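Protein chains: 2
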Amino acid sequence: MATASGNMLIAQSGGPSMVINQSLVGAILEAKQQKSIKRIFGARHGIKGILAKDLIDLKKETVANLERVANTPASALGSVRKKPTADDCAQIFDVLRAYDVRYFFYIGGNDSAETAHIINEHARAASFEMRCFHIPKTIDNDLRENDHTPGFGSAAKFVACAVMGDDLDNRALPGVKIDVVMGRHAGFLTAASALARQNENDGPHLIYLPERPFSLDQFVADVDRVYTKLGRCVIAVSEGISDEEHVPIASKFIKEVDAHGNVQLSGSGALGDLLAGEIKAKTKISRVRADTFGYLQRSFPGMISEVDAKEAREVGIRAVKQSMKGDIDGSIAIRRKPGEKYQIYYERVPLRSVARDTREVPKSHINKAGNDVTAAFIKYARPIVGNLPLPGHFKGVKVPVA
Amino acid sequence: MATASGNMLIAQSGGPSMVINQSLVGAILEAKQQKSIKRIFGARHGIKGILAKDLIDLKKETVANLERVANTPASALGSVRKKPTADDCAQIFDVLRAYDVRYFFYIGGNDSAETAHIINEHARAASFEMRCFHIPKTIDNDLRENDHTPGFGSAAKFVACAVMGDDLDNRALPGVKIDVVMGRHAGFLTAASALARQNENDGPHLIYLPERPFSLDQFVADVDRVYTKLGRCVIAVSEGISDEEHVPIASKFIKEVDAHGNVQLSGSGALGDLLAGEIKAKTKISRVRADTFGYLQRSFPGMISEVDAKEAREVGIRAVKQSMKGDIDGSIAIRRKPGEKYQIYYERVPLRSVARDTREVPKSHINKAGNDVTAAFIKYARPIVGNLPLPGHFKGVKVPVA
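The listed protein sequences derive, respectively, from chains U and W.
In terms of our numbering, the first sequence opens at residue 705 and continues consecutively.
In terms of our numbering, the second sequence opens at residue 705 and continues consecutively.
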């Protein structure tokens, strides 16, 4: 089928990332080069903006401003958590048709791929020629078909830097420090804390991912062992750690009430506090602290992995380029070539193949005891995250006691 | 009195900062230039290391390594929270005398100045000629005599960047977001969140400092008003906010228990969760989240205010230079010249004048309603914090509804 001529619509979905605007701007700039694409609409807050016909004209943006947006964290068009119903999808398709949208791009994770897939089915059923593309984005790094996903590298860099700083802090004022990292089902971000290590005995000393059942008793024993050896212990733990029955530790053990007797706290720091409490109760360690990194992991300005930013831009460009190639749809996946050198390539994959299900940290990346990552993970993650700060330490020649 | 000849000892105390090692390295490099200073000892973990005679030889460190240490966050010699007893001080003095220490430098906040003062008194009483200098450091910015303190600018930059990113995140996925910032008694760091604002309606939309009594009812009313107007609300709140009777809100309203019935949680996220719970219970707003920034504020690598790093280096250098000027002791204070242009100068002040008591955010820096800072604060803080990222936003020309 020949290239369709008409308008383009692009939108962003799900949690923000440091580089999702690179994909957006990459797609816009590429689309401006394509004669088949007439107008370029941006929907505010994903499918919510399509349903409400809340669109902006992206051809009215200067290149200089587009570049500023590209370098800004979070979703410049606004995002949405809404998963559309079948009715929503039918209505979305009607709006797209009303605006003569022949090129539809949705930037997001597996749910966004699912949405693009369903809308694509509507277009096919109505014999309305429209290219539907999903552009990958998730700091969780859990999209199938992909070696890694845009957004992960920069969030992982934040986590590695944060744990590195925390480890320096913990050297200065020793004790046990627990850092709770994002990722309810996939532990990639928590695993990335391992990149903070540069010298022997650098933290994190223990790493717990949601891919392995978490045992409080084993956790306390692990911490006690590290603390006995080093006099301190830095721990990275995923917010999603769960027990043998897949019940999240956070929901299982914690009961919070405020002074009015209401159990209504969001519990943002609850898991860290629970784990800290266990250590205090069951060991002789007195200085135990916990931090939960929170939204900073996905939106801290200036914390960019250059490789990640470049790849995020590229998947946006490639999606538009692929959409020019006739009657095809899909998602742009990042694949890695085997070998020592970091080399990737991009491949169009069916929308369905990245929709719904997600992937987890592979077994080969987690150590046997389930309290650390392996060298294979470090090798996998390092080139995606890029350069990290190199802390200095005193050589520390001891002065003989006077 | 002539310049004494002998050894030097330097140590670090209190919470780490991003630039405390600049002060340390500034003092070491300056001391290496001084003929009166023979050996340069670094005590591990402040006075704890002096008492234990746990010293390292800082003349054995290469300049290249010293510079790497200077650019590393947290306290490279190790720190301590210990406030010495009278007996400790007598013992510390004995150790200093045993090592022929004629130049003693203690980097830290008001408690460290107090320690230096007491040790100085011991030396005087024993007619042991020793220069005692305090080198200022505190991210809380609460030392008397100082316009601002080394460590504050960089921590303030972290807070401003974090809230800026969070505001972008909140634009993308609207709701109420509460960010809890360090500073139990002084609100300078929380106030610095205001530097994140660059355009109208940028967050933080509300700022609460410990200097003003905090009312939960007023807080909920404030949030509701902002949310009604903007459809979202970003709030920076100091961990130390207290009621009319100076009782911290965190300790007053929160009661946490784990599944075993133990009330032993450290509650790192408790204040944020309490405030979020209040908004959910008393307004119709459903999406309410809270983050507590935690230790990242004082130890995140690479997050440096250049002005802060330069001044931190300078107070270390100046302390050593001053100690060469005969029988004087003191602390190096940073003063600001009046006028539009940011100009500072350094002044030696008595140890006693920065010890014990601290200072708070001045009244002129807090708005009448007690829920924001004034333009005077912005003018005060901006040059200390330095340049911040400039987020890009779409001009956003609306597409007419089809």
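The reader is advised that the hints may include incorrect statements.
If several chains are the same, the list does not tell them apart, and a pair holds so long as it fits within one copy or across any two.
Below are the DSBU-like pairs computed for lysine-lysine, each with C-alpha atoms no more than 35 Å apart in a straight line [to be verified]:
| # | residue 1 | residue 2 |
| --- | --- | --- |
| 1 | LYS1041 | LYS933 |
| 2 | LYS1072 | LYS1025 |
| 3 | LYS1102 | LYS1045 |
| 4 | LYS757 | LYS1067 |
| 5 | LYS742 | LYS1099 |
| 6 | LYS736 | LYS986 |
| 7 | LYS1099 | LYS786 |
These aren't lab readings, by the way, just hints derived from the structure by calculation.
Please read all numbers here as calculations on a predicted model, not as lab measurements.
For each hint, the structure was consulted:
| no. | hint | in the structure |
| --- | --- | --- |
| 1 | LYS1041 x LYS933 | neither (41 Å within a copy, 51 Å between copies) |
| 2 | LYS1072 x LYS1025 | neither (44 Å within a copy, 56 Å between copies) |
| 3 | LYS1102 x LYS1045 | neither (42 Å within a copy, 46 Å between copies) |
| 4 | LYS757 x LYS1067 | neither (45 Å within a copy, 48 Å between copies) |
| 5 | LYS742 x LYS1099 | between (64 Å within a copy, 20 Å between copies) |
| 6 | LYS736 x LYS986 | neither (62 Å within a copy, 48 Å between copies) |
| 7 | LYS1099 x LYS786 | between (54 Å within a copy, 25 Å between copies) |
In this structure, the hints that do not hold are numbers 1, 2, 3, 4, 6, in rising order.
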